[in-house]
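Undergrad: These are the residues of each chain, in order.
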Amino acid sequence: MNKITSKVAELLSEVRNTKPLIHNITNYVTVNDCANAVLAIGASPIMADDIEEVADITAISAALVINIGTLNNRTVEAMLSSAKKANELGVPIVFDPVGAGASTLRNKTTQLILKNIKISVLRGNMSELSFIAGLGATTKGVDAAQSDIKSKDGIAIATSVAKKLGCIVAITGVTDIISDGDCIVTISNGNKMLSNVTGTGCMSTALIGSFCGATKDYFIAAIGGITSMGIAGEIAFEKVGDQGTGSFHIAIIDAISKLTQNVILERAKIHEA
Amino acid sequence: MNKITSKVAELLSEVRNTKPLIHNITNYVTVNDCANAVLAIGASPIMADDIEEVADITAISAALVINIGTLNNRTVEAMLSSAKKANELGVPIVFDPVGAGASTLRNKTTQLILKNIKISVLRGNMSELSFIAGLGATTKGVDAAQSDIKSKDGIAIATSVAKKLGCIVAITGVTDIISDGDCIVTISNGNKMLSNVTGTGCMSTALIGSFCGATKDYFIAAIGGITSMGIAGEIAFEKVGDQGTGSFHIAIIDAISKLTQNVILERAKIHEA
Amino acid sequence: MNKITSKVAELLSEVRNTKPLIHNITNYVTVNDCANAVLAIGASPIMADDIEEVADITAISAALVINIGTLNNRTVEAMLSSAKKANELGVPIVFDPVGAGASTLRNKTTQLILKNIKISVLRGNMSELSFIAGLGATTKGVDAAQSDIKSKDGIAIATSVAKKLGCIVAITGVTDIISDGDCIVTISNGNKMLSNVTGTGCMSTALIGSFCGATKDYFIAAIGGITSMGIAGEIAFEKVGDQGTGSFHIAIIDAISKLTQNVILERAKIHEA
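As you go down the protein sequences, you meet chains A, B and C in turn. Just so we're aligned, residue -17 is where the first sequence starts under the working numbering, counting upward by one. Just so we're aligned, residue -17 is where the second sequence starts under the working numbering, counting upward by one. Just so we're aligned, residue -17 is where the third sequence starts under the working numbering, counting upward by one.
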């Protein structure tokens, strides 16, 4: 057990004690799972995406999560408005560039946000991060392919993007990579069934947002969100075996809601690279 | 067992026998749960929110449910259009002012609806109803805090708002309070885990809508919807224990779908205050 | 076991081997279930509905699914744009005219799509197909009534619409009817509880889309999608019995994810009429 693991475990308790309000502007595919994941980890979700209210909602929130899974002109404007308010007030922003690389609209929106907004944590899969790093991307849907990450490339991309943007970068896959531009952490929790349920990436992002709402250490928050999701996947699989992806989906939420400091201390596979 | 409990039990059978069509204009976070709750109680859901069709849909429906959980300019217009049609035709309207008090848009929309539309049942948590009563509110997300209701204050607020608006008011919390401006009923069914799943408030509102579709007695309908949700929460907890909030979520829908007259007669904790 | 059943079983393996990308423009009520059904059958879902990106997304997809369950002006434009791109590139389109007959907007949109777009498979319930056939319709919500299909009428309607539109027509009900305008197949898999969960029709359509992404034989694809859903309903009911509609809902996804060639060969009740 290393120091980072202890910090993650302590941060979980902080989330559960302070119940930070997390503003999510997200997609309509996985929004219910995101709200339930935020509640399960101990924070409090609010979903609001209209330009006339997002700044108000961000202003009372402890963190803002932006996910472009089903973006449109109306919501992109709202994302920018809330993000500007967040930057003004020092509210951390977690950004999930779902499907970056797959369409001009997603590419332009990703670049627009990264250019105009100071984000705290950027989380995506290898395909999305490759696009952001300027390497192109082959998108095969928006659910992570298990094989799309090579550890060495991932570390190089995470470090380079983190430095360039001045934020925490998390690339999720079989092994997750988190970089603040300087330190690198890899996480090897998880279960391969996680890629057979839609929204496990979005939920990871929402969990990172929940952790960000309870600390100023966004590196630990990013590690916390991703480790929590990975451990939940392991426990879910132990519980339901291969009953199928419906039961596994529900067991993930169960596991997040039952997560404790001790479970993190016993199960986290966090390595400093 | 009191007279109200009997009426609620009978109304459940009426819903199951007549399968009223319930038009829901609701949020995209919990819409699937609302549709499944309406089906589970025995009614028939239809979701439609475009200005060009909402009046048509309301015109063939037995009740209209309006929920501002993820409102925007487009849907607010649709809410007003369908609500006017409902008023014209005598279709009952159940209104859930999600997050009233949390943003200017939600406040303005709530006031716009309450000023221009005759609603049959207003359901919210203490924070939302305090705002409507003109007392201000502290919103901590949109999922009810367990502790945010004081029975005495709640009764005063429910009565005053019910009188002012000429409708049934239901304030949900640890103890639920329902008033028609004259009579007061409190309900003490439920389980504290209900606040750890998103959408249990929205589902209560959708259930009230389902009951309103099968009677002209909206006071009984409001009591029926809230009692059904509370009992479902109890049965769900008895079934899944503390497996987690995912299993509890599914067990709530199970319990609604298995609800019978007898279960209501045995379990309802409805008190005339 | 007939030849069609063998082809359906083989096509399932083809879907699982090739993991086709399926572009869904669908409603926000059942979108999560649709995405999870597509993943469960072995394909890869992408949901995108903005006019600025739908053509891009369709262009990289193996099939396009259009579902008008919660249509609006913005999404109708996007549907047309992506459908035109699909026609241009020979990407098959599966169309689900949810609630056709229930509002002028749904009627106009259905006719607009059928007039301007060449679709591959049209799937609906008897009420929706009656409207399309020009026979009028009585819509009772958007979830299929168990009794709304008479086999003879259904066969006549399916054949006539299939001939007129030059596409595969699938009418789902207690007995499902699939016609290419010439051959007729009926399927008698399924369980009556399927109509108590919202979105089982939408999921059937999404499954047809998944099968279409792996073949040029859209007749077999339509039969495959509907047979898979029916068998999943049977297995789900065998697993959860009458625990309730929440558990049944989850068990449907489980069963889709566990479906194999052998299960199809053993259970399919496909009859050539």
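Simulated from the structure, these hints should not be mistaken for laboratory data. Hints may contain errors.
[Stated by the list, open to error] Here are the computed lysine-lysine pairs in the DSS-like style, where the Cα-Cα straight-line distance is at most 25 Å:
no.: 1; chain 1: C; residue 1: K67; chain 2: C; residue 2: K145
no.: 2; chain 1: C; residue 1: K67; chain 2: A; residue 2: K90
no.: 3; chain 1: B; residue 1: K66; chain 2: C; residue 2: K90
no.: 4; chain 1: C; residue 1: K90; chain 2: A; residue 2: K90
no.: 5; chain 1: C; residue 1: K67; chain 2: C; residue 2: K174
no.: 6; chain 1: B; residue 1: K240; chain 2: C; residue 2: K145
no.: 7; chain 1: A; residue 1: K97; chain 2: A; residue 2: K145
no.: 8; chain 1: C; residue 1: K221; chain 2: B; residue 2: K221
no.: 9; chain 1: B; residue 1: K198; chain 2: B; residue 2: K174
no.: 10; chain 1: A; residue 1: K240; chain 2: B; residue 2: K174
Note that the structure is a prediction, hence the values are computed from the model and not measured.
Undergrad: Work down the list of hints and note, for each, if the structure agrees.
TA: Checked hints:
1. C/K67 x C/K145: holds (24 Å)
2. C/K67 x A/K90: Holds: C/K67 and A/K90 sit about 21 Å apart, inside 25 Å.
3. B/K66 x C/K90: Cα-Cα ~23 Å, so holds.
4. C/K90 x A/K90: violated (34 Å)
5. C/K67 x C/K174: Status violated; Cα separation ~38 Å.
6. B/K240 x C/K145: This hinted pair is violated, its Cα atoms lying about 44 Å apart.
7. A/K97 x A/K145: Distance ~14 Å between A/K97 and A/K145 Cα, so the pair holds.
8. C/K221 x B/K221: Answer holds: C/K221 to B/K221 is near 17 Å, not above 25 Å.
9. B/K198 x B/K174: violated (31 Å)
10. A/K240 x B/K174: holds (15 Å)
Consistency note: the structure conflicts with the earlier hints numbered 4, 5, 6, 9.
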